[in-house]
Every structure is written in C-alpha cells, then in structure tokens.
Amino acid sequence: MAGVQVHGVSKTFGLHRALDEVSVDFADGGFYALLGPSGSGKTTLLRMIAGFDFPDAGRIVIGDEGVERVPVERRRIGMVFQNYALFPNMSVADNVAFGLSVRGEAKTDIAREVKQALDLVQLEELGQRRPHQLSGGQRQRVALARAIVTRPRVLLLDEPLSALDKALRVDMQIELKRIQREVGITTIFVTHDQEEALTMSDRIGILRDGRLVQEGPPEEIYNSPASEFAATFLGDANILRGKASEEGIELGDGTVIRCCNAGHNPAANSSCAVRPERIRIEAAESPEASSGENRLKARVTKRIFAGNSTTYFLDRDGQTLKVLVQNSGGESVADGADVMLYWPAESSVLVA
Amino acid sequence: MPQTDVSQRASTGPRSQWRPALPLLLPAYLWLTVAIFLPLSAMAFFSFMTELPLSGKPWAFTLANYAAFFEKSFYAVLLRDSLRLALEVTLWCALLGFPCAYVLAKILKGRSREAIFLLVILPFWSNGLVRVFSWAIALRGNGLLDRTLNAILPFQVNVDLMFSYPAIVIGLVHSYLPYMVLTCYLTLQAIDDSLIEAARSLGASRFTVLRRLIIPLSLPGLVAGSVLIFVPVVGSFMEPRILGGRAGTFYGTVIEDQFVAVFNWPLGAALSFILLAVVLIILGAASPILKRAA
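Protein chains in written order, with our numbering: chain A, 57 to 408; chain B, 24 to 317.
Think of the hints as simulated: they come from the structure by calculation, not from any bench. One should not assume that every hint holds.
Said to hold, decoys possible - What the simulated footprint calls covered on chain B by chain A, stretch by stretch (three residues with Cβ under 8 Å from a Cβ of chain A suffice, anywhere in the stretch; the number is not a length):
id: 1; segment: 210-223
id: 2; segment: 227-239
Stated by the list, open to error - Simulated restraints, written as ranges between beta carbons of each label pair:
id: 3; chain 1: A; residue 1: G95; chain 2: B; residue 2: T56; range: 51 to 59 Å
id: 4; chain 1: B; residue 1: G133; chain 2: A; residue 2: E251; range: 32 to 40 Å
id: 5; chain 1: B; residue 1: W41; chain 2: A; residue 2: R73; range: 53 to 61 Å
id: 6; chain 1: B; residue 1: F230; chain 2: A; residue 2: G70; range: 26 to 34 Å
id: 7; chain 1: B; residue 1: R103; chain 2: A; residue 2: F69; range: 56 to 64 Å
Even glycine gets a Cβ: it sits at the ideal position worked out from N, Cα and C.
All chains, full assembly: derive it from the sequences and hints.
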C-alpha cells in the first residue's frame with residue numbers, strides 16, 4: 057500500500073487542455089473521490105495515475121517511486137473500469153487469477169488467493185461461471201476482486217457504479233466501502249455523482265476544465281465551498297450576488313447579507329452561497345429572530361412535498377430561491393404567501 | 024370477435040412469420056437453386072456416366088469414374104499436394120493478414136485507416152487473370168523482382184521464381200489475403216479496448232495480452248478466414264497453371280484438364296465430387312474445434 061502524489065501535472069490533447077497543473081496528495085489508505093462534470097479532466101487524471109496516458113509536465117509519485125514514465129503494466133495498480141472489462145473468454149475464477157498467473161505465481165497459491173478474493177466480494181459460489189452469466193452487480197464484484205487480488209499499491213475506480221440501477225448502486229457503495237476498509241488500500245474513485253462522492257470518500261477533489269478547484273473532506277467542501285461552482289456542483293445552493301461589503305455582501309436593494317468568512321478579501325468576493333436546508337421560513341416578522349441573523353422578504357411560488365421534507369421555491373426580486381424544510385409536523389406555508397427567510401451569518405459563505 | 028381472434032393467431036403463429044419473409048427470401052433461394060443446385064445436380068449425374076450424352080455417343084451408368092481415383096495413386100498424390108498447398112497458403116495468409124488486421128483495427132484511426140484498408144481490398148477490384156499475369160512479369164528471371172533486387176543489393180542475385188512452387192504460393196496468398204484481413208479485422212474491431220487496458224493494468228506484457236486475450240477473442244475471425252481461403256485454394260487451377268508451369272500440376276488443374284483439354288467431363292465431375300467430399304470430411308472433423316473457437 058502506498059500514497060499517491062500528483063505534482064503540477066498538465067496534459068494537452070491536440071488543442072484541448074485536459075489537465076492544467078493539477079496537484080493532489082492522496083493519503084495512504086484513504087478513499088479519495090475525484091468529482092467533476094464530464095470533460096473536467098477527472099478520468100484523464102485517473103488514467104495518468106494508472107499509466108495509460110503520460111503527462112506533458114509534472115510528476116506522479118506512488119509510494120516513493122516517481123512513475124510518470126513507467127508503463128501501466130509495471131506500476132502495480134489495480135483498476136476497475138466503468139464497463140468492468142471482464143475477459144469474456146475466461147471464467148470468473150480465471151479472470152481473478154489473471155494478474156497472479158501473469159506474474160508466474162504457483163498454481164496452488166493462485167487458487168488459494170482467488171478463493172480469498174472471491175470470498176471477500178461474496179462470490180465464492182460463482183468461480184466457474186462466465187462473465188456473461190452474471191448480473192451487473194456480480195460483474196462489478198468480480199472486477200473488484202480481480203483488481204485487488206494482486207495486492208496493488210493503489211486501487212483506481214473509473215465511475216464503477218454508474219452502470220448499475222439506483223438500489224443496487226447504494227448497496228454497492230456500502231459494499232465497496234466495506235471492502236476498501238477491510239483491505240486498507242489507497243483508493244481513488246472517479247465519479248460525476250455528488251452523492252456518491254459525499255457518502256463514500258474521506259476527501260473529495262472537485263475538478264473543472266482541467267483544474268482542481270477545491271479539495272478537502274466532504275464536510276469542509278459542503279459547508280464552506282470556495283466557489284459558486286463548488287457550491288452548486290456539490291449539493292444545492294442559493295447564490296446571492298451583490299457588492300462586497302465589510303460584513304458580507306450588499307444586495308441591489310441595500311440589504312446586507314452577513315457571511316461567516318467576510319472581510320478576508322472583500323474586493324474579490326461579491327456573491328455568497330446559502331444551502332437550502334439552512335434557511336428558516338417564517339410567516340411574518342419573527343420575534344425569535346436574533347439581530348445577528350440574515351433576513352430576506354420573499355414570496356412562495358411553488359412547493360414540492362417529499363414526505364420527510366418539503367422544498368419551497370420562492371421569488372425574491374425576480375430571483376428564485378430554494379428552501380428545504382424538514383417535516384417536523386409544523387404548519388406548512390401556502391403558495392403565494394409573503395414570508396420572511398432567516399438564516400444565521402455562519403450559514404452564508406462568500407464564494408468566488 | 025372471431026375476426027380479431029384469427030388475426031391475432033395469425034400474427035403470432037409460426038406460419039405468419041414466413042409470409043412477410045417469403046418475398047425477401049425467394050429471390051435469393053431461386054437464384055441459389057438455379058445457379059448452384061441445378062448445375063451441381065447435372066454434374067453429379069454426369070459423374071456416373073461413361074460418356075457425355077451431349078457428344079451423341081451411346082452412354083451408360085457406371086462407377087468407373089470414381090474407381091479411377093482409387094485405381095491410380097496419381098490422383099491421391101495430387102490431392103495430397105493440393106491440400107498441402109492450401110494449408111500453406113492459409114498459414115501464410117494468417118501470418119500476414121492477422122498483424123495487418125490488428126494494425127487496422129486497433130492502431131490506425133481515421134484517414135490513414137481508410138487508406139490502408141483500400142490497399143488491402145484492392146486485389147478484389149482487379150481481374151484475377153490480370154493479377155496472375157502481373158505476378159508472372161514480376162517473378163520471372165530478369166523480371167521486375169530480379170531487376171529491383173539487383174538494383175538495390177550490392178551483390179548479384181539471380182531471382183527466377185517463375186514456374187515454381189513459391190510462385191504459386193505467392194500468387195495465391197496475394198489473391199486470398201484480403202479474406203483473412205477482413206474477417207480478422209471484424210473480430211478484432213469487436214474487442215473492447217478496455218479489456219486490453221484491464222489486462223495491462225494487471226501486469227500483462229503486450230505479448231501476454233496478445234496470447235491470452237487478443238488471439239483467443241479473435242479466433243472466430245481467424246477460423247472463418249481460414250475456411251474461406253482453404254476451401255477454394257484446394258481446387259485452385261489458374262494460379263498453379265500460369266505461375267507454376269510444369270511444377271503447377273495440382274488436383275485442380277487435373278480437373279480443369281478433364282473439362283477443357285481432354286473433354287472427359289464424367290471423370291472431371293467425379294474428381295470434383297471426391298474433392299468436395301474430402302473438404303467436407305476435413306471441415307466436419309475440424310468442426311468441434313471450429314465450433315469452440317466461434
């Protein structure tokens with residue numbers, strides 16, 4: 057097992073700059089998600105760590121070995137592909153055994169290790185099946201067993217769950233996390249699904265147009281996004297725009313929105329993000345509201361009841377705001393009602 | 024509603040599947056009947072005759088034409104030579120065609136792939152006879168090959184391949200190579216690149232990937248190409264005759280002689296059917312392997 061460091065890696069395909077001086081430190085034994093929309097460079101970065109593509113500039117270190125010029129077959133990595141890439145001409149057991157037999161290990165050792173790996177992914181019964189006889193979830197497990205049986209230094213997953221249906225995906229998320237903990241392997245996981253990234257990883261890196269825009273633990277990125285893009289890509293956010301001021305931002309009508317990180321660099325940041333679930337709706341001026349709270353007048357335009365919560369869409373000066381209210385048995389607010397929105401200064405974050 | 028009942032049954036019954044298919048199938052089957060079945064039956068009929076009825080001489084049914092094959096070892100030896108020639112040509116086609124198909128399917132992209140593809144199928148567009156005579160010009164002593172080699176090489180060489188076994192192989196490989204390239208190309212094209220990447224990520228060298236993944240997965244194409252080449256080459260006569268001269272006496276040329284030179288159609292027909300039977304037996308014996316590959 058080993059950590060992975062990526063230092064200032066750039067890659068250009070033709071005229072397209074796929075990666076632009078990306079640096080990330082993947083800690084030993086951690087579960088790291090690379091999150092971004094398609095074309096953001098997340099798969100390119102993964103393929104470069106794997107060794108399928110070589111960077112134009114920069115360094116890639118696995119453990120303490122610089123590998124940026126080492127071909128994939130000598131990097132000792134494990135990779136799970138989006139379409140699983142199981143060898144159709146081999147049985148499940150032979151698929152899992154492939155990496156071991158390529159190394160020339162003894163037959164009896166191979167058989168034992170293959171059995172262990174199939175046990176780990178709970179497919180001990182299916183060793184003699186062919187890949188085409190398996191369900192999507194089973195194929196996924198075989199691909200995972202095949203990737204980890206060789207005890208690679210790092211496990212790379214390229215959108216491994218995107219081909220599964222929703223219920224199976226949630227099962228596999230839990231399963232994948234369990235196996236990763238059990239094996240303790242450094243794992244880098246590429247996804248465009250923010251929920252997957254939030255629930256599974258220790259750290260998330262958000263990529264956009266070939267750049268790493270933010271990096272950190274899921275809570276940190278969710279609670280203090282650095283940019284509008286990070287705020288809206290990871291979770292839902294209301295973005296309020298205005299002039300920078302001492303305490304936060306000043307909206308067009310002079311209302312001041314206090315933000316938790318105000319004053320650092322007032323000139324640069326003139327928009328702030330507020331998560332929908334942080335906002336409270338009151339039917340009228342609330343006596344409970346503390347003086348430090350932000351307040352905005354708005355009108356309810358639509359509500360969507362989802363059982364455990366209700367999402368309100370509100371109109372404020374032509375901008376649509378979103379508020380998520382947990383269903384705690386209180387009275388709901390009617391469509392078209394004029395309401396007051398309250399949230400504490402800590403819940404609004406200045407973003408770039 | 025009995026009417027909907029009938030139409031429903033008709034739309035699901037086995038007979039109704041044939042009705043819309045019939046106009047599409049009929050032309051092809053009619054053509055096959057006229058073009059293959061009828062002449063073949065006529066030939067089968069001739070092969071059991073003493074004389075060709077068209078010649079006006081009296082004729083009778085006989086098995087003598089088939090017996091002739093077994094009476095003289097001459098025919099069996101020629102047939103063995105023809106089988107060996109076909110095997111050799113098929114092997115050369117596989118050795119030359121597979122790498123070419125691999126490059127076309129997995130390495131080249133876009134324009135350069137189209138260009139190379141065109142070069143591969145060019146032999147299909149030229150007349151077979153023209154092709155063979157071009158080889159004759161190239162291979163004979165003081166011919167194109169001889170002169171070119173002597174112009175390039177610092178020492179004197181004497182290349183006269185004309186009227187030899189290698190000349191026949193060269194001509195046949197040239198004619199039949201496109202079949203191998205095309206069938207292998209199709210199966211190689213169908214191999215997902217991520218399979219190759221997965222194998223490499225597991226530590227497999229390029230040679231291991233080729234041996235354990237690419238060749239097993241493209242075996243159906245290799246087999247199809249081999250059958251497409253082997254069968255016609257066993258009976259080939261044009262290339263052996265023109266490029267082989269006296270070295271070019273093969274089973275196919277003997278059959279041709281019976282039809283165009285000796286006018287012993289019954290013997291020619293019988294020899295043809297023996298060839299057909301031998302080829303079918305070989306394919307039948309190999310079919311377990313072929314099936315597993317496909």
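Exercise for the section: Return the numbers of the hints above that this structure violates; sort them in rising order. Expected result: none
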